[in-house]
Amino acid sequence: MDKEQLKEQLVATKEKAQEKLAQLTEMAKEGAAEAKEEIQEQIEFLKGATSNLGEKLEELGAEASEEFGELKEKAISGINALKERFKDWF
Numbered sequence: 010m011d012k013e014q015l016k017e018q019l020v021a022t023k024e025k026a027q028e029k030l031a032q033l034t035e036m037a038k039e040g041a042a043e044a045k046e047e048i049q050e051q052i053e054f055l056k057g058a059t060s061n062l063g064e065k066l067e068e069l070g071a072e073a074s075e076e077f078g079e080l081k082e083k084a085i086s087g088i089n090a091l092k093e094r095f096k097d098w099f
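Going by my numbering, the residue at position 49 of the sequence shown is 58; the numbering climbs one at a time, nothing skipped.
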């Protein structure tokens with residue numbers, strides 16, 4: 010995969026992760042206990058997305074590192090906040 014394709018993939022992943030974080034935030038605000046399964050699926054998606062970001066960022070170099078590094082931090086922070094809120098589910 011060349012750098013341009015990798016960058017496009019990262020942009021798509023970033024958009025999906027931002028969308029998932031927004032959905033998770035909304036669910037958490039609503040206290041949607043019935044959304045437990047959906048929240049767990051979203052968390053798993055974010056875990057997978059963030060675990061791959063490190064490798065991909067290294068390939069792209071410093072140019073994308075800062076932008077996607079911030080996204081990774083936000084995703085991890087969101088995951089941790091949701092785990093704390095719904096800790097009895099995990």
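I should point out that these hints are in silico values taken from the structure, not numbers from a laboratory. Be a bit skeptical, because a hint or two may be false.
[What the hints assert, rightly or not] Keeping only pairs whose Cα atoms sit at most 27 Å apart, straight-line, the calculated DSS-like set for lysine-lysine is:
#1 Lys96 <-> Lys56
#2 Lys16 <-> Lys45
#3 Lys25 <-> Lys92
#4 Lys45 <-> Lys29
#5 Lys16 <-> Lys96
#6 Lys56 <-> Lys23
#7 Lys96 <-> Lys45
#8 Lys12 <-> Lys96
#9 Lys16 <-> Lys29
#10 Lys25 <-> Lys38
#11 Lys83 <-> Lys12
#12 Lys12 <-> Lys38
#13 Lys25 <-> Lys12
#14 Lys56 <-> Lys45
#15 Lys92 <-> Lys12
#16 Lys38 <-> Lys16
#17 Lys16 <-> Lys56
Okay, the hints, checked on the actual structure:
1. Lys96 <-> Lys56: holds, 16 Å
2. Lys16 <-> Lys45: Distance of about 33 Å is beyond 27 Å: violated.
3. Lys25 <-> Lys92: holds, 20 Å
4. Lys45 <-> Lys29: holds, 14 Å
5. Lys16 <-> Lys96: Violated. Lysine 16 to lysine 96 sits at ~35 Å, over the 27 Å cutoff.
6. Lys56 <-> Lys23: This hinted pair holds, its Cα atoms lying about 13 Å apart.
7. Lys96 <-> Lys45: holds, 11 Å
8. Lys12 <-> Lys96: Between lysine 12 and lysine 96 the Cα gap is close to 39 Å, so the pair fails against 27 Å, i.e. violated.
9. Lys16 <-> Lys29: holds, 20 Å
10. Lys25 <-> Lys38: Judged against 27 Å, a Cα distance of about 20 Å means the pair holds.
11. Lys83 <-> Lys12: holds, 24 Å
12. Lys12 <-> Lys38: violated, 38 Å
13. Lys25 <-> Lys12: holds, 20 Å
14. Lys56 <-> Lys45: OK: lysine 56 and lysine 45 at ~16 Å, within 27 Å.
15. Lys92 <-> Lys12: violated, 34 Å
16. Lys38 <-> Lys16: violated, 33 Å
17. Lys16 <-> Lys56: holds, 19 Å
Hints 2, 5, 8, 12, 15 and 16, counting from the list given before, are not met by this structure.
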